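Protein chains: 4
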Amino acid sequence: MTIAVIYGGTRQNGNTELLTEQVVQGIVTEKIYLRDHTILPIEDMRHSQDGFQERNDDYNSILDRIMPHNILLFATPIYWYSMSGTMKNFIDRWSQTLRDPKYPDFKNKMASKKAFVIAVGGDDPTIKGLPMIQQFKHIFDFMGTDFEGYILGKGNKPEDIFQDKEALFAASQLNNNLKG
Amino acid sequence: MTIAVIYGGTRQNGNTELLTEQVVQGIVTEKIYLRDHTILPIEDMRHSQDGFQERNDDYNSILDRIMPHNILLFATPIYWYSMSGTMKNFIDRWSQTLRDPKYPDFKNKMASKKAFVIAVGGDDPTIKGLPMIQQFKHIFDFMGTDFEGYILGKGNKPEDIFQDKEALFAASQLNNNLKG
Amino acid sequence: MTIAVIYGGTRQNGNTELLTEQVVQGIVTEKIYLRDHTILPIEDMRHSQDGFQERNDDYNSILDRIMPHNILLFATPIYWYSMSGTMKNFIDRWSQTLRDPKYPDFKNKMASKKAFVIAVGGDDPTIKGLPMIQQFKHIFDFMGTDFEGYILGKGNKPEDIFQDKEALFAASQLNNNLKG
Amino acid sequence: MTIAVIYGGTRQNGNTELLTEQVVQGIVTEKIYLRDHTILPIEDMRHSQDGFQERNDDYNSILDRIMPHNILLFATPIYWYSMSGTMKNFIDRWSQTLRDPKYPDFKNKMASKKAFVIAVGGDDPTIKGLPMIQQFKHIFDFMGTDFEGYILGKGNKPEDIFQDKEALFAASQLNNNLKG
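Protein chains in written order, with full-length UniProt numbering: chain D, 1 to 180; chain A, 1 to 180; chain Z, 1 to 180; chain E, 1 to 180.
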């Protein structure tokens with residue numbers, strides 16, 4: 001079992017990253033910081049004659065790094081009660097990959113993976129972050145990916161997350177589980 | 001009362017746009033097609049010494065077109081069970097505007113507006129689109145904006161929306177209401 | 001296709017009933033007013049040696065009236081953001097029926113039915129009623145029942161529902177659909 | 001600060017009760033087991049000339065035991081993706097109390113309390129229990145009660161909850177917090 005971490009945050013060492021580091025401590029992972037890459041929004045070409053066009057950005061190269069791994073950690077700060085727009089653009093592009101002859105097994109491969117969500121927010125995340133968790137549930141259900149769990153942490157200012165003992169405990173539990 | 005429509009879709013004449021046209025039929029509106037503009041993802045600089053930096057994209061000019069209006073229609077296809085990444089990036093940037101001295105009254109002005117959401121999706125939108133509605137509710141509550149209503153339509157292939165009689169009826173009701 | 005209507009309200013001719021009458025106008029249905037019956041809360045005996053005991057109330061006789069029908073309408077006022085306690089007690093008892101040798105095919109039979117929810121509430125039902133819809137979705141998914149649609153109406157005082165044109169339109173659409 | 005625990009479960013020493021005992025260990029609390037009392041469903045008499053009538057059951061005496069306390073723990077097994085029908089009937093009756101001249105300060109008093117929810121379920125509670133949490137949020141918001149937190153535990157067979165380390169940790173954290 002190997003792990004890819006997909007970071008959606010835009011701030012280095014943000015609370016979400018700090019919490020996620022607890023989760024993957026001592027584990028070799030493939031880390032992808034979406035902010036360091038260009039991912040263009042999808043252009044919905046499902047119904048055009050020529051179909052989707054190559055976007056010539058970093059999306060495919062990121063996908064190529066993710067696909068070999070069995071476990072995906074989606075680590076995103078909660079921006080406006082859901083994942084960051086950066087991460088959303090990444091996921092939106094899956095609609096293109098689902099129709100891309102270069103990735104004929106995309107859905108099947110995603111269906112064999114396990115996913116976790118790690119998200120930190122400042123505004124009552126364990127309540128107001130729930131629609132985001134429900135969205136991820138629908139996303140993973142569509143792909144057939146097992147949604148194995150999530151951690152919702154509370155943090156606003158840098159390093160706030162270290163005050164959220166329940167999130168830290170959940171991170172250490174998940175770390176054990178992933179090492180297992 | 002004047003209306004701005006913020007389109008988050010990436011396909012011209014998509015189902016969401018067709019439905020929204022029913023809503024605003026016969027009404028002069030400011031129409032913003034986010035896909036025609038460059039909106040960079042937010043870089044969270046809340047906690048850096050220098051604060052947020054100008055991103056030199058189209059975001060502020062779009063905001064300037066929206067702010068004079070009392071009623072905002074957020075029209076987005078449902079991509080992966082929420083608004084498009086394009087629209088999400090637009091909303092994410094509000095965090096910057098909230099701290100931007102050029103927009104000292106941003107929150108107050110938003111708090112005096114009414115908002116509607118119009119969204120069309122292909123995968124059981126009246127059930128699986130609900131977390132998106134709950135997310136918008138949290139967004140509008142944060143800003144103090146009145147969330148006056150929403151229409152969830154069903155459509156996948158072009159023009160499918162014209163089969164969704166309940167969505168069309170809701171659109172005509174909202175049209176009357178906005179004309180009123 | 002025949003229809004059973006399960007009314008969870010406690011007030012005769014309440015808004016939910018008025019709306020539901022629009023839905024079933026001109027259609028012969030089996031109408032069950034839960035308020036006219038005694039349905040005891042479940043006693044969870046899954047793990048006791050003797051298993052569930054007969055509760056000697058009206059639950060089984062109600063179930064016997066429902067089971068022959070292909071379509072179930074759950075009509076409940078929104079009390080405290082979900083179905084009435086009366087209706088909840090009725091559904092809670094399904095856990096007993098699932099283990100009741102007198103109903104060996106309970107789950108299979110429920111899995112062949114279609115369900116609709118009709119609910120009227122006074123406090124922002126199209127937003128604050130959504131967790132109830134999501135709860136019903138989980139209930140029907142567990143049983144394998146198709147959740148074919150719902151109507152959320154707004155009403156507080158008697159006959160308020162006649163002002164909710166969208167709910168009335170949805171009711172007339174569903175009426176056509178059920179007659180069809 | 002004193003605490004009342006309102007138990008909605010129907011099985012003695014069920015997983016929800018075991019988890020809740022961890023939460024209140026070493027703390028004197030007022031414990032109310034709803035299953036030991038008769039609580040009739042509400043009859044909605046808001047719009048009848050004579051108003052609500054005394055129901056002559058145990059509801060008021062339970063309310064009288066709860067009202068003196070500042071902190072309320074709602075401890076319910078997850079039955080069909082929400083609180084038990086027993087607990088729902090209890091909460092439904094609040095609509096009567098809100099209009100009961102014997103409880104003129106009901107809402108004000110509830111608005112000064114803090115509430116926690118402790119719930120154990122067998123079917124993916126941290127996902128499928130979320131609509132219940134959102135429902136409680138709406139309930140507490142209506143009353144003005146602070147919804148201070150919740151624990152969703154996993155358990156099906158007796159004592160399963162002792163395997164849910166995150167729920168147990170959250171319970172011990174809440175225990176410290178309540179003792180504090």
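Hints are computed from structural coordinates only; laboratory data are not their basis. Everything numeric in this text was worked out from a predicted model, so none of it was measured. Wrong hints could be hidden among the right ones.
Heads up, the list lumps identical chains together, so a pair's fine if it works in one copy or across two of them.
Unchecked claim - Calculated cross-link-like contacts (lysine-lysine; reagent style PhoX-like; alpha-carbon spacing at most 25 angstroms):
id : residue 1 : residue 2
1  : 109       : 165
2  : 157       : 113
3  : 165       : 179
4  : 107       : 154
5  : 179       : 113
6  : 113       : 154
7  : 102       : 157
8  : 157       : 107
9  : 157       : 179
Hint check results:
no., hint, result
1, 109 - 165, "neither (35 angstroms within a copy, 31 angstroms between copies)"
2, 157 - 113, "neither (33 angstroms within a copy, 29 angstroms between copies)"
3, 165 - 179, "both (21 angstroms within a copy, 17 angstroms between copies)"
4, 107 - 154, "between (33 angstroms within a copy, 23 angstroms between copies)"
5, 179 - 113, "within (16 angstroms within a copy, 42 angstroms between copies)"
6, 113 - 154, "between (27 angstroms within a copy, 23 angstroms between copies)"
7, 102 - 157, "between (43 angstroms within a copy, 24 angstroms between copies)"
8, 157 - 107, "between (38 angstroms within a copy, 21 angstroms between copies)"
9, 157 - 179, "neither (30 angstroms within a copy, 28 angstroms between copies)"
Of the numbered hints stated above, those contradicted by the structure are hints 1, 2 and 9, listed in ascending order.
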